[in-house]
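Colleague: Next come the chains, spelled out residue by residue.
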Amino acid sequence: MDKFRMIFQFLQSNQESFMNGICGIMALASAQMYSAFDFNCPCLPSYNLAYGMGILFVPPLVLFLLGFVMNNNVSVLAEEWKRPTGMRQKDPAVLRYMFCSMAQRAMIAPAVWISVTLLDGKCFMCAFCTSVPVEKLGNGSYTGLSEKEMRRILARIPCKEIYSGQELVAREVAVRYLRCISQALGWSFVLLMTMLAFLVRALRPCFTQAAFLKSKYWSHYIDIERKLFDETCTEHAKTFAKVCIQQFFEAMNQDMGLAHTHSPEAAPSEVGEEKEKLLGITDQGTMNKLLKSWHKCKPPLCLHQEVLQNGNGWVEENQHRNHISLPKREIVTYYSKV
Amino acid sequence: MDRFRMIFQYFQSNSESVMNGICGLLALASVKMYTSFDFNCPCLPKYNMAYGLGIMFLPPMALFLCGLILNRQSLVMLEEWKRPAGGRKKDLAIIRYMCSSIMQRAMIAPVIWIIVTLLDGKCFVCAFSSSVDPEKFVGFANVTPTQTQLLLSKVPCKDDELMKNNPARKAISRYLKCWSQALGWSVLLILIVVAFLARSLRPCFNQAAFLQTRYWSNYIDIEQKIFDETCCEHARDFAHKCILHFFESMQQEIKLRRFNAPREEADGGEGEEDHLRGITDQEQMNELLKSWYYSKPPLDVSQATQRQQPVGRERLSVPWADSLSNRGNAPQKAKTSIQTDV
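In order, the protein sequence lines correspond to chains U and P. Residues in the first sequence are numbered from 1 upward in steps of one, following the UniProt record's numbering. Residues in the second sequence are numbered from 1 upward in steps of one, following the UniProt record's numbering.
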């Protein structure tokens, strides 16, 4: 159980790990879905190709989009793309990095589906059974049939019970032929995907590694910032509700004239603590203004004021460093934009 | 057990997680229900379509309603919608947000049922076997229209005498199943595309107002929960006081009856007798229990806090008020602080 908990916690630690977990689960789900799906070739000339290709490509598209839907970073990306610049510049490199990372993860489940489908062979067989080369595999001199009739017979290859063209082309021969091509395609696809993944991974450090590190850091930062903001808002809402209800009970007390004059010894410090947690945001209008300004004008990525108070000198290019040696810190420490 | 507790705790961490958990459970339940349901096509001309479409659409409606019922937020939303404005204005945007969030979660299980039904195909074949064009399939050449209808309606039943050896049965069945699966995948694709567009395009529209609405709807939810908890605590303290009061009044009565009760006993054993509160034998206990049933104390603990006041206000309305001034002051401070914790 400890192992389970550890894995769970590790996967939850940040959005990327979480998405890796989801990605793995979706890949397994994709393989499971394929085996649970009851493939049912219509065995009719015009329907076979549509059905086969549909089963080969529509579920991967569904899985790809599902991979995006389940990724919280989609809305983070859209938000970051659409927000007004405010006090914080937008960096297209970060947006590109986020998009690429999401797309790569979303592509795994569809790739698994396509590989499994091709390696299994039923889909390919259903789609291309009418294109079997009769001259090579069967009795090419069977000329008593029109084109349409031949296609109708060939379309029944996947359906064992109703196949009537044994003299034209032996069913087992056609099936083996089609399966062989399907599996060859399947393995080539797997090899291609793996090669691409390998190249992307191995060659990436050769191109603009510094810029890459930057984009990766800031994209993680945006994700973490959003999560912390949501958590802070939830904590704030809890405290707000507690204080609101306390005041409500007290007001009811006063209204009903039950002036107890009980002096709650422990209560004022408790209430005071709670009120401090509210960080000065104590009514609806102020909170609304805060939330609006979080979207319209995000704060700059610059902690100069706090850093300099601590004597931390990591900001080399700050000209005000020499001036702020006196404790003038009361001016801007929190949400000055509210 | 540990695993369950951990999963339980994870889902309880906030109400959104709880709702997601319930949503997931309903979805799994929906799939399990479908697989264990014994589908039984009637294979009669008029009944097929009714049965097939019924199975395809009635359980989803039930699952949708279940999803609404199990979601605590629907009650919160209704309350918020129906309350008088009072000291707090109502914001329709919040109600709309909560409504749409509830609907989205409630729709997942029904959609899964419909898709699994379509991908499986039995329902579709049963419902639409009579609507197939018989000329596309061999085997219906010399048959009257009514006979054709009858035969077509027997297609879903593999073991039926009339259609068992008819080659067209499998062809029709396969044809309909193919359509059913195509429809199923298309529905799934459309829904996922809609979900994807909704998710990725939402920040483009009025994001600031959305942040506000989301915060306040979360707040309303939390406030409701904390209020319930506060009321529970209050009720517990109230009951505690009430019962203490009752035990004390019993103790008073018994003391009054015992003329030769030594004082030291009462004061010395104060620490141990605190739980017994003076009731120390069977007869007394029976008397107390009888009195608890036949004449419960009033729901008013203001005397309990008032008689602790050193001023000694006499706003009392209970018969045993006379002996109150005999009480010592030591345990009263503790009671006061419990009362004001709310």
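In case anyone wonders, no lab produced these hints; they're calculated from the structure. There may be inaccurate statements among the hints.
Taking beta-carbon pairs under 8 Å as the criterion, some of the chain P residues facing chain U (in silico) [as the list claims (entries may be wrong)]:
#1 Leu92
#2 Ala93
#3 Tyr97
#4 Cys99
#5 Asp120
#6 Lys122
#7 Val193
#8 Pro203
#9 Gln207
#10 Ala208
#11 Asn218
#12 Glu223
#13 Ile226
16 Å max Cα-Cα, derived EDC-like pairs, lysine to aspartate or glutamate [to be verified]:
#14 U:Lys238 <-> P:Glu229
#15 P:Lys89 <-> U:Asp283
#16 P:Lys170 <-> U:Glu161
#17 P:Lys164 <-> U:Glu79
#18 U:Lys292 <-> U:Asp230
#19 U:Lys3 <-> P:Glu223
#20 P:Lys225 <-> U:Glu235
#21 U:Lys238 <-> P:Asp133
#22 P:Lys158 <-> U:Asp2
#23 P:Lys136 <-> U:Glu149
#24 U:Lys292 <-> U:Glu149
#25 U:Lys238 <-> P:Asp2
#26 U:Lys227 <-> P:Glu16
#27 P:Lys122 <-> U:Glu149
#28 P:Lys170 <-> P:Asp133
#29 U:Lys298 <-> U:Asp230
#30 U:Lys216 <-> U:Asp38
Here's a subset of chain P near chain U, in silico, CB distances under 8 Å, partners left out [to be verified]:
#31 Gly21
#32 Ile22
#33 Cys23
#34 Lys177
Because the structure is a prediction, the values reported are computed rather than measured. From the three backbone atoms N, C-alpha and C, an ideal C-beta is built for every residue, glycine too.
Colleague: Any CB of chain U closer than 8 Å to the CB of glutamine 207 of chain P?
Modeller: holds (5 Å)
Colleague: Against the 16 Å threshold, does the CA-CA distance of lysine 238 of chain U and glutamate 229 of chain P hold or violate the hint?
Modeller: holds (13 Å)
Colleague: Can you verify the interface hint for glycine 21 of chain P: is its Cβ closer than 8 Å to any Cβ in chain U?
Modeller: Given a least distance of 14 Å, the restraint on glycine 21 of chain P is violated.
Colleague: Should the hint that glutamate 223 of chain P touches chain U count as held when the rule is a Cβ pair under 8 Å?
Modeller: holds (4 Å)
Colleague: Checking one constraint from the list: CA of lysine 170 of chain P to CA of glutamate 161 of chain U, max 16 Å. Satisfied?
Modeller: holds (9 Å)
Colleague: Was the hint right that alanine 93 of chain P lines chain U, CB cutoff 8 Å?
Modeller: violated (11 Å)
Colleague: So, as I understand it, the hint says asparagine 218 of chain P touches chain U; can you test that by seeing if any CB pair is closer than 8 Å?
Modeller: At 6 Å from the nearest chain U Cβ, asparagine 218 of chain P passes the 8 Å test, so the hint holds.
Colleague: Run the distance test for lysine 89 of chain P versus aspartate 283 of chain U: straight-line Cα separation, threshold 16 Å.
Modeller: holds (13 Å)
Colleague: Using 8 Å as the Cβ threshold, decide whether proline 203 of chain P counts as touching chain U.
Modeller: At about 4 Å, which falls below the 8 Å cut-off, the nearest Cβ of chain U leaves the hint on proline 203 of chain P intact, so it holds.
Colleague: Answer holds if the nearest beta-carbon of chain U is closer than 8 Å to that of cysteine 99 of chain P; otherwise answer violated.
Modeller: Hint violated; cysteine 99 of chain P Cβ to chain U Cβ min 20 Å, cut 8 Å.
Colleague: Given the hint that lysine 238 of chain U pairs with aspartate 2 of chain P, does the C-alpha gap stay at or below 16 Å?
Modeller: With Cα atoms ~29 Å apart, lysine 238 of chain U and aspartate 2 of chain P exceed 16 Å; violated.
Colleague: Under the criterion that the straight-line Cα-Cα distance not exceed 16 Å, is the pair lysine 158 of chain P, aspartate 2 of chain U satisfied?
Modeller: Not satisfied, since the Cα-Cα distance of roughly 52 Å exceeds 16 Å.
Checked against the numbered hints given earlier, the structure breaks hints 1, 2, 3, 4, 6, 17, 19, 21, 22, 24, 25, 27, 30, 31, 32 and 33 and satisfies all the rest.
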